[in-house]
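Engineer: Got chain B sorted already, so can you dock chain Z onto it with the hints?
Protein chains: 2
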Amino acid sequence: MKRVMINEIDNYINKKIVIKGWVYRIRKLKSITFIILRDRTGYVQCVVSNEFKLNTIKVEAVISIYGMVKESNNKYNGFEVDVEQLNIINNVLAELPIELNKENLEINLDTKLNNRMLSIRHDKVNSIFKIQNIIANGFREYLNNEGFTEISTPKLVKEGAEGGTELFKVEYFEKQAYLAQSPQFYKQMMVGAGFERVYEIGHVYRAEEHNTNRHLNEYISMDLELGFIEDEEDIMDLEERLLKHILTKVLKEGEKYLKILKAEVQVIEDKIPRVKFSEAIEILKTKYNKTGLDGDIDPEGEKLICKYAKEKYNSDFIFLTHYPREKRPMYTMPCGTEETHSFDLLFRGIEITTGGQRIHEYDMLIENMKYKGLDPENYDSYISNFKYGMPPHGGLAIGLERITARLLGFENVREASLIPRDRTRLMP
Amino acid sequence: MKRVMINEIDNYINKKIVIKGWVYRIRKLKSITFIILRDRTGYVQCVVSNEFKLNTIKVEAVISIYGMVKESNNKYNGFEVDVEQLNIINNVLAELPIELNKENLEINLDTKLNNRMLSIRHDKVNSIFKIQNIIANGFREYLNNEGFTEISTPKLVKEGAEGGTELFKVEYFEKQAYLAQSPQFYKQMMVGAGFERVYEIGHVYRAEEHNTNRHLNEYISMDLELGFIEDEEDIMDLEERLLKHILTKVLKEGEKYLKILKAEVQVIEDKIPRVKFSEAIEILKTKYNKTGLDGDIDPEGEKLICKYAKEKYNSDFIFLTHYPREKRPMYTMPCGTEETHSFDLLFRGIEITTGGQRIHEYDMLIENMKYKGLDPENYDSYISNFKYGMPPHGGLAIGLERITARLLGFENVREASLIPRDRTRLMP
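Keeping their order, the protein sequence lines are chains B and Z.
Number 116 in my numbering belongs to position 116 of the first sequence; there are no gaps in the numbering.
Number 747 in my numbering belongs to position 319 of the second sequence; there are no gaps in the numbering.
Next up, chain B with everything else stripped away, as it sits in the complex (with noise of 0.2 Å):
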């Protein structure tokens, strides 16, 4: 008999069925037994007889119940299962180190952690990767209809995009490779190869020491680049867009998991407040006293430039725009002799996306890279791309786990991450 899932049994009311799924609770009475079924639609009330002998059958076995669909109130559906036979598929072998069937996981980081598996099976945990799906799907999309082809480059690479640090190293046969920090490199050799805008969302690197609650060592990327801009204006204004898509998306198709997960999303109704760096710089000192920033915002100046967002603009998110070029990468663009095209969209209190506009001339790449101390010989594959005409461009990347944590409302961005690596963390 074919398998009926939980949220079609409503179908099946006074006929017989077959269920399967994992045992979310049981409750003993006198002459019955309750057990609740939980499959990946649901949960069910089932009944049955004390005839049965239950009492090998563990919470969180799994089991399959033949029964009677009978219309019933309770706290799950307006239906209940009287079960004619149950089946023990696989049983549970020893104690559960967690406890599942509570509204919440009263456990640890490091224990959900370690027990990934079942704390998985938990709805507040597994409705955060329901939500990351959807923001991910939504970056597809949106980026689908804007005629942006997907793309996939390698994650072995032999130089690093972002400077020589905080690369893992790789025994390639004989050679040295590095895991990539990002496809920046790729990306914009895609947009020069004619695809002229791309995005891939795959996994990055970065060997980064610090084990801080903002830091995976392996995400997962958002990427997108786009040829034939003007400036980084158009990047950001992009990112408005995108944004918007896919807070609407999760509003309409997450409804349910946010509700479980009581988070609240905002759809962005004006633009988001474009403030340049060395204002957000000027108003941390001036309106916040805060000191020690020394030419860079650190994680607390995050918090409270986004405060300030939040108080003048009622806005969660600000873009900071025209990073210092001492701080940005040899391939962001220019402006003046100080400044560059570029940005950063910080989030609720936290950066989740740096973009910019990139240099696509070769003479002034060439000149970059030296003022930034670097041999334009260690780049010759990436610098012969700017000999055969490449357009002007630019692009951003947003960490998938970073936006998911923080509209969710977690501070830890493991939180958000499926199986997550991290300075000690390689297991699961």
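Heads up, a few of these hints could be off.
Stated by the list, open to error - To give an idea of the chain B side of the interface with chain Z (calculated C-beta under 10 Å), a few residues: (1) Val125; (2) Lys175; (3) Cys335; (4) Thr337; (5) Glu361.
To be verified - Pulled a few chain B residues facing chain Z out of the computed Cβ check, cut under 8 Å: (6) Asn7; (7) Thr153; (8) Arg328; (9) Tyr362; (10) Ile366; (11) Lys387; (12) Leu418.
Derived by calculation from the structure, the hints in this document are not laboratory data.
Just so you know, even glycine gets a beta-carbon here, dropped at the ideal spot from N, CA and C.
Structural biologist: Just chain Z, lined up with the frame of chain B:
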């Protein structure tokens, strides 16, 4: 003035527009010059008076043109652009290493790959990746509709899923890590984590020493795994429906690219023939006098079996089933004492899928690990999943570059990799 894309010019007859793109071809006559401009949407003929100083413009330079659209009858369209202004946005600075304005790129594969930004500008190259995107989107679309959840699992792992060989080593701070050969352990975990049905389109890494036209050291694997199956027949049934969906989508959305590539695609009408591995060996021996089989089917054997499938069943595909236990990894569900509930799918001469039912019972898994000479202690984390209610499950993986290459008739899988990594190639 806003840029008009070439495929929209026919809305602007007798109007003035701005177009931007690459110079595809220059043909100088006595008083006028024809410039064929290419953007991501197509080609257009532009007519320039020789009063313009055109000497400096090189083929493949990036230019912008302002001019009047006029009706015309030329090779490309029913219109042309009468040029009033022409600006060089970024010229070509060196001699082009390959000639792009021919019907075919008459260069060898290495030259094509060494000059990737340029070779992809050719329609016969970029069309490959347009088709590849349709394949991947078809995979995603079909599975989303079937209740699958997309996952993204770590590529930095502590243990290999397919055995200890062929792993790339990574220095992970003080630890030794490897690049994942497959998401096998994680996709099984995610079935058990309650998603029941999961898929991933992501990179996998094989440190294979040999350099063949069938292998890449980094490739894109389209993986899926689903729970509550009866046996591997469910997985093969799913793959039939999935491939039918993908091929129908390729025919519909990829028509233009298939034409450029002169590729023929046949939709699967009936069921894909299923032949036991042991029978296939017999067929190779008796029908094709194949020797040197030694209990395995080599590349030549795969070609012959596909020939057999074409002649006997008029099918481009054939499932080989019930692979010997000794040929399959430890997680494969045994079938009797010698065989397994597993299969390969061959397509036009090459294996494109490996799949099967997995072991879901703890004791059987431990026993099978020992049978395979593995120490269960080395797989602690993986094994622990089987103590807590793992449903019966199975899955498969399709190599994206391989299916693309075979669909389009390329012998070498590198043709279908945007930026391939092989035994010697780490650049570009």
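Engineer: The structure should be examined with respect to each hint, and the outcome stated for every one.
Structural biologist: Hint by hint, here is what the structure shows:
1. About 9 Å separates the beta-carbon of Val125 of chain B from the nearest beta-carbon of chain Z, less than 10 Å, and the hint is met.
2. Interface restraint check for Lys175 of chain B: the shortest CB-CB distance to chain Z comes to about 6 Å, inside 10 Å, so the restraint holds.
3. For Cys335 of chain B, the interface hint is violated, the least distance from its beta-carbon to any beta-carbon of chain Z being 19 Å, above 10 Å.
4. The interface hint given for Thr337 of chain B is broken, as the beta carbon of that residue sits about 23 Å from the closest beta carbon of chain Z, more than 10 Å.
5. With a cut of 10 Å, the hint placing Glu361 of chain B at the interface with chain Z holds, because the nearest CB-to-CB distance is about 6 Å.
6. Residue-level restraint check for Asn7 of chain B is violated (minimum Cβ-Cβ distance to chain Z is 10 Å; threshold 8 Å).
7. Annotation: interface hint on Thr153 of chain B holds; nearest CB of chain Z at approximately 6 Å, less than 8 Å.
8. Taken as an interface hint, Arg328 of chain B does not check out: its beta carbon lies about 21 Å from the nearest beta carbon of chain Z, beyond 8 Å.
9. A distance limit of 8 Å between C-beta atoms decides the matter here; for Tyr362 of chain B the minimum to chain Z is near 6 Å, and the interface restraint holds.
10. The beta carbon of Ile366 of chain B comes no nearer than 11 Å to any beta carbon in chain Z, farther than 8 Å, and the hint placing it at the interface is violated.
11. Hint status for Lys387 of chain B relative to chain Z: holds, with the closest Cβ pair at about 4 Å, below 8 Å.
12. At a threshold of 8 Å, the smallest CB-CB gap from Leu418 of chain B to chain Z is about 6 Å, leaving the interface hint in force.
In terms of the numbered hints stated before, the structure departs from hints 3, 4, 6, 8, 10, listed from lowest to highest.
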